[in-house]
Amino acid sequence: MTVSRRAIALAVGCLLLALVPPIAALTNQPFYVDLFRRMMIFAIAAVSLDLILGYGGMVSFGHAAYLGIGAYAVGIPAFHGVDSGWLQWPLAIVASALAALVIGAISLRTSGVYFIMITLAFAQMLYYLGLSLEAYGGDNGMRLAGRSRFGGPIDLHQPAVFYYVVLAILVLFLVLGSRLVASRFGMVIRAAKSNEPRARAIGFSPFRYKLTAFVIAGSAGGLAGALLANQTEYLTPDFMHWTRSGEIMFMVILGGTGTLFGPVIGAIALLLLEDVLSALTVHWQIVLGPILILVVLFAKRGLFGLLPGAAPRDG
Amino acid sequence: MGVPVAITLALVLEQTLNGLQYGVMLFLMAAGLTLVFGIMNLVNLAHGSLYMVGAYLATALARWSGSFVLGVALALPGTLLVGILVEVVALRTLYEREHLDQVLATFGLILFFNELIAIIWGRAAIYTSVPPFLSGHIRVLPGVPYPTYRAGIILVGVAVAVLLWILVTRTRLGMRIRAGATNRTMISALGVNIRLLYTLVFGVGAALAGLAGAMAGPIYSVQPGMGEGILIQVFVVIVIGGIGSIRGAMVGAIVVGMADTLGRAFLKPMLATVISPPAADKAGPALASMSIYLLMAAVLFFRPEGLFPARSRS
Numbered sequence: 268m269t270v271s272r273r274a275i276a277l278a279v280g281c282l283l284l285a286l287v288p289p290i291a292a293l294t295n296q297p298f299y300v301d302l303f304r305r306m307m308i309f310a311i312a313a314v315s316l317d318l319i320l321g322y323g324g325m326v327s328f329g330h331a332a333y334l335g336i337g338a339y340a341v342g343i344p345a346f347h348g349v350d351s352g353w354l355q356w357p358l359a360i361v362a363s364a365l366a367a368l369v370i371g372a373i374s375l376r377t378s379g380v381y382f383i384m385i386t387l388a389f390a391q392m393l394y395y396l397g398l399s400l401e402a403y404g405g406d407n408g409m410r411l412a413g414r415s416r417f418g419g420p421i422d423l424h425q426p427a428v429f430y431y432v433v434l435a436i437l438v439l440f441l442v443l444g445s446r447l448v449a450s451r452f453g454m455v456i457r458a459a460k461s462n463e464p465r466a467r468a469i470g471f472s473p474f475r476y477k478l479t480a481f482v483i484a485g486s487a488g489g490l491a492g493a494l495l496a497n498q499t500e501y502l503t504p505d506f507m508h509w510t511r512s513g514e515i516m517f518m519v520i521l522g523g524t525g526t527l528f529g530p531v532i533g534a535i536a537l538l539l540l541e542d543v544l545s546a547l548t549v550h551w552q553i554v555l556g557p558i559l560i561l562v563v564l565f566a567k568r569g570l571f572g573l574l575p576g577a578a579p580r581d582g
Numbered sequence: 004m005g006v007p008v009a010i011t012l013a014l015v016l017e018q019t020l021n022g023l024q025y026g027v028m029l030f031l032m033a034a035g036l037t038l039v040f041g042i043m044n045l046v047n048l049a050h051g052s053l054y055m056v057g058a059y060l061a062t063a064l065a066r067w068s069g070s071f072v073l074g075v076a077l078a079l080p081g082t083l084l085v086g087i088l089v090e091v092v093a094l095r096t097l098y099e100r101e102h103l104d105q106v107l108a109t110f111g112l113i114l115f116f117n118e119l120i121a122i123i124w125g126r127a128a129i130y131t132s133v134p135p136f137l138s139g140h141i142r143v144l145p146g147v148p149y150p151t152y153r154a155g156i157i158l159v160g161v162a163v164a165v166l167l168w169i170l171v172t173r174t175r176l177g178m179r180i181r182a183g184a185t186n187r188t189m190i191s192a193l194g195v196n197i198r199l200l201y202t203l204v205f206g207v208g209a210a211l212a213g214l215a216g217a218m219a220g221p222i223y224s225v226q227p228g229m230g231e232g233i234l235i236q237v238f239v240v241i242v243i244g245g246i247g248s249i250r251g252a253m254v255g256a257i258v259v260g261m262a263d264t265l266g267r268a269f270l271k272p273m274l275a276t277v278i279s280p281p282a283a284d285k286a287g288p289a290l291a292s293m294s295i296y297l298l299m300a301a302v303l304f305f306r307p308e309g310l311f312p313a314r315s316r317s
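Protein sequence lines, in the order shown, are assigned to chains A and B.
Position 237 of the first sequence, counting from 1, maps to 504 under this note's numbering, and the rest follow consecutively.
Position 112 of the second sequence, counting from 1, maps to 115 under this note's numbering, and the rest follow consecutively.
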């Protein structure tokens, strides 16, 4: 039931997203390719957060840190003339995985509010580190010399090509993610979320599983950061600002925690909402804030839960 | 700019007092936040917004009344009311929710308040001047002058800390607050109106944050979003101190205030002896900003519940 619903959601969503570039070209609105690519990049970040937040119960309030690390892993080599994506993107993944390993190893010793706060603190630390990187623009950030190069037909400067690269990564990540949460590994993570002492009592060591999930989520966040740097062709420490972490977290909640596909809808919905509201008024945040509160208070299962045939959210 | 500053005893003393002054402001913020955390089990990100509201109310009321002291004095009941309103309208339903929901809903409150302030007063920073009777210097030691206004903040902060200590440890209300922190269910079973107590504690916490904001006006710039920087530092304070502990908030506030201020003042000249002065100009403040988070990570690594963990929680 759940599996088939997921498969249908994936297929339909995939098809709709794949249709964006041709429709934008037909209607002569290239802006939408840019907007939806941005949405999908944030969707990757949101899905990676959902892996640990929704399934593992690890409320990380510093997920934007990996966006920043990924972005700098593209920006710093590019600054020095190394523009091969074959080098930049794996670097983004490895660097953010290492950061997540260190952050996770320390943060997972705590739980509850302390966990929220310590992950926030680490992200702030990296944010200030970004500010101090004077050679790479400091607080002003820097322009990306050019998008990552892959050679052959993959030219990210072609908006549609870049779009389909992002879509492919998102779909691949969703497929891998749903296999991961359904695997034995995923079961241990979910068991640790619902009852950690019991998970320990039946012989698992949740810490190692949780840390592994934390690292996987971090490295996917890093890849999203590499994509984001290519998207904006500009990078600043603001990628790591704590409000950005809050936004990603909101995408997960808005879409539905512990659903993997929900956060994709959440990312699209939030960025669409921001786009619409900011076109209406400069003071759009005064509307967004109360919407956020209402969603938290009343739409507990998120937008994904509103889809027909929604099964009860698994803990 | 790039010339290394000579580190003299007078400078060290002055910066230590600045650290104390900043620590006192952090304490005013942390006291309310840690009580709300400890008693209602509520993560309130919007505490920084109350600081901002206090600063704006004090500035506006000081202009309207022509008296700085009156402005600050009126800002206190003002933020108390705003705090009670926020608690009744938005936060009350969040006590039973998980922390994730609380973080997000209060994050929404921050967006709302920042924009509301921007609509009323604009996005540009506004400035308050120190009243004449506080604008001079006092002599701390021979040859070491210190601004009267900052000394005044330290005095007010210490006075509030003492009052708070008396309130919490020596009064019936304080007894209920402590009982509420230890066991919520039990205290309401004993006939205490826990809802009213919650609203009251939240309001007092808001007023303290408002006081910090009102006093911050003449030192830091008053602008939308001003509460967020200090809010995150206040979280560091209460996490270091141990959530729910006033004593922990006090110790944490002084430690963080000192580390941040002394780091900002002395890391730059110390770095300048190792790396080039322009680089030290930028790296110094950034490293100083990082230092408190490093401190927090270190504390949590060795004591995951903070330095003074509140005893038991239901």
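Accuracy of the hints is not assured; some may be wrong.
To be verified - Estimated spans, in silico, between C-beta atoms of each pair:
hint, chain 1, residue 1, chain 2, residue 2, range
1, B, R250, A, A412, 33 to 39 Å
2, B, L297, A, T510, 21 to 27 Å
3, B, I129, A, R272, 50 to 56 Å
4, B, W124, A, D542, 58 to 64 Å
5, B, R306, A, A402, 33 to 39 Å
6, A, F474, B, R66, 55 to 61 Å
7, B, F304, A, V361, 22 to 28 Å
8, A, P297, B, L199, 54 to 60 Å
9, A, G470, B, A301, 31 to 37 Å
10, B, F304, A, A412, 35 to 41 Å
11, A, D505, B, T174, 44 to 50 Å
12, B, W124, A, V428, 44 to 50 Å
13, A, A402, B, F304, 27 to 33 Å
Stated by the list, open to error - Quick list of in silico lysine to any residue cross-link-like pairs, SDA-like style, CA-CA up to 25 Å:
hint, chain 1, residue 1, chain 2, residue 2
14, A, K567, B, E101
15, A, K567, B, R100
16, A, K460, A, I373
17, A, K460, A, L544
18, A, K567, B, E99
19, A, K567, B, L103
20, A, K460, A, R475
21, A, K460, A, V442
22, A, K567, A, L544
23, A, K567, B, S68
24, A, K460, B, E308
25, A, K460, B, H102
26, A, K567, B, E308
27, A, K460, B, D104
28, A, K460, B, V91
These aren't lab readings, by the way, just hints derived from the structure by calculation.
No experiment lies behind these values; they were computed from the predicted model shown.
Idealized CB from N, CA, C, for every residue including glycine.
Hint-by-hint comparison with the structure:
no.	hint	in the structure
1	B/R250 to A/A412: 33 to 39 Å	violated, 53 Å
2	B/L297 to A/T510: 21 to 27 Å	holds, 22 Å
3	B/I129 to A/R272: 50 to 56 Å	holds, 54 Å
4	B/W124 to A/D542: 58 to 64 Å	violated, 27 Å
5	B/R306 to A/A402: 33 to 39 Å	holds, 37 Å
6	A/F474 to B/R66: 55 to 61 Å	holds, 56 Å
7	B/F304 to A/V361: 22 to 28 Å	holds, 24 Å
8	A/P297 to B/L199: 54 to 60 Å	holds, 58 Å
9	A/G470 to B/A301: 31 to 37 Å	holds, 33 Å
10	B/F304 to A/A412: 35 to 41 Å	holds, 39 Å
11	A/D505 to B/T174: 44 to 50 Å	holds, 46 Å
12	B/W124 to A/V428: 44 to 50 Å	holds, 47 Å
13	A/A402 to B/F304: 27 to 33 Å	holds, 31 Å
14	A/K567 to B/E101	holds, 11 Å
15	A/K567 to B/R100	holds, 11 Å
16	A/K460 to A/I373	holds, 18 Å
17	A/K460 to A/L544	violated, 36 Å
18	A/K567 to B/E99	holds, 14 Å
19	A/K567 to B/L103	holds, 11 Å
20	A/K460 to A/R475	holds, 14 Å
21	A/K460 to A/V442	holds, 22 Å
22	A/K567 to A/L544	holds, 23 Å
23	A/K567 to B/S68	violated, 47 Å
24	A/K460 to B/E308	holds, 20 Å
25	A/K460 to B/H102	holds, 14 Å
26	A/K567 to B/E308	violated, 30 Å
27	A/K460 to B/D104	holds, 17 Å
28	A/K460 to B/V91	violated, 32 Å
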